[in-house]
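Asks: If you read the sequences in order, they're chains A and B.
Going by our numbering, the first residue of the first sequence is number 1, and it counts up by one from there.
Going by our numbering, the first residue of the second sequence is number 1, and it counts up by one from there.
Among the hints, erroneous ones may be present.
[Unchecked claim] To be clear about the criterion: a stretch of chain B counts as covered by chain A if any three or more of its residues have a C-beta under 8 Å from a C-beta of chain A, and this derived list gives those stretches:
#	segment
1	10-19
2	23-36
3	43-52
[Said to hold, decoys possible] Listed next, with one range per pair, are the computed distances between beta-carbon atoms:
#	chain 1	residue 1	chain 2	residue 2	range
4	B	Q67	A	D90	37 to 45 Å
5	A	P16	B	N26	28 to 36 Å
6	A	R15	B	P37	37 to 45 Å
7	A	G36	B	T5	34 to 42 Å
8	A	H44	B	G64	32 to 40 Å
9	A	G64	B	Q67	40 to 48 Å
10	B	R83	A	P16	15 to 23 Å
Bear in mind the hints are in silico, worked out from the structure with no lab data behind them.
Every residue gets a Cβ at the ideal spot worked out from N, C-alpha and C, and that includes glycine.
Number of protein chains: 2
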Amino acid sequence: MGFWTLDNVQLAEFRPGIKSKVEIGNDLIMACMEIGPGQEDAGHEHDFDQCGLVLDGQMEMFIGQEQKKLGPGDAYFIPAGQRHGYKTLDQPAKVLDVSLKAPRS
Amino acid sequence: MGFWTLDNVQLAEFRPGIKSKVEIGNDLIMACMEIGPGQEDAGHEHDFDQCGLVLDGQMEMFIGQEQKKLGPGDAYFIPAGQRHGYKTLDQPAKVLDVSLKAPRS
Numbered sequence: 001m002g003f004w005t006l007d008n009v010q011l012a013e014f015r016p017g018i019k020s021k022v023e024i025g026n027d028l029i030m031a032c033m034e035i036g037p038g039q040e041d042a043g044h045e046h047d048f049d050q051c052g053l054v055l056d057g058q059m060e061m062f063i064g065q066e067q068k069k070l071g072p073g074d075a076y077f078i079p080a081g082q083r084h085g086y087k088t089l090d091q092p093a094k095v096l097d098v099s100l101k102a103p104r105s
Numbered sequence: 001m002g003f004w005t006l007d008n009v010q011l012a013e014f015r016p017g018i019k020s021k022v023e024i025g026n027d028l029i030m031a032c033m034e035i036g037p038g039q040e041d042a043g044h045e046h047d048f049d050q051c052g053l054v055l056d057g058q059m060e061m062f063i064g065q066e067q068k069k070l071g072p073g074d075a076y077f078i079p080a081g082q083r084h085g086y087k088t089l090d091q092p093a094k095v096l097d098v099s100l101k102a103p104r105s
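Chain A on its own, in the form it takes in the complex:
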């Protein structure tokens, strides 16, 4: 499907605490994710860029040495190889996230 209306997109459980809807193309993965309260990714890295935008709620995110509390309208760009992670607070956060389907050789 080419178009999503994010206010009423149907999300399915991706893993405990995270619901998502994903579009997978040749190159890109676009995911709308609703991350429940109190979820945390303490940090990881990968060999491809990732970016996105917070749509609703708030989350703390770090990219390398930078750390920010993100709310609606805050975008992020995670360069390939940079360690990054996030933490949601007492409310869910909804994001639109885009990453490469697979690392390029």
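Chain A is fixed; fit chain B onto it per the hints.
Replies: Frame of chain A, contents of chain B only:
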């Protein structure tokens, strides 16, 4: 820079009628674009995926045979090779757009 606040991001003229701020990584190009009223891309295609989200304003977009008037919170995913184009109306439209930096071989 890892984080952008899209409400007050500084945009520069990209070409007449379009202002933008762009982040270019190894793989992805993330662009915040403000497209002026009455702008049109009648259609083109490329060998990589492109996706994004309308942040403010409205625009008409087509992807292959699908056509939609998009407003804030409407996302799009343009599969590699699909013809697509857009038209802004009497107000500017602001989008966050992500595409591959260069086609993969």
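Asks: Now, for every hint given, state plainly whether the structure supports it.
Replies: Structure-based check of all given hints:
no., hint, verdict
1, 10-19, "violated (count 0)"
2, 23-36, "holds (count 7)"
3, 43-52, "holds (count 4)"
4, B:Q67 <-> A:D90: 37 to 45 Å, "holds, 41 Å"
5, A:P16 <-> B:N26: 28 to 36 Å, "holds, 32 Å"
6, A:R15 <-> B:P37: 37 to 45 Å, "holds, 43 Å"
7, A:G36 <-> B:T5: 34 to 42 Å, "violated, 24 Å"
8, A:H44 <-> B:G64: 32 to 40 Å, "holds, 36 Å"
9, A:G64 <-> B:Q67: 40 to 48 Å, "holds, 41 Å"
10, B:R83 <-> A:P16: 15 to 23 Å, "violated, 40 Å"
Checked against the numbered hints above, the structure violates hints 1, 7, 10; every other hint is satisfied.
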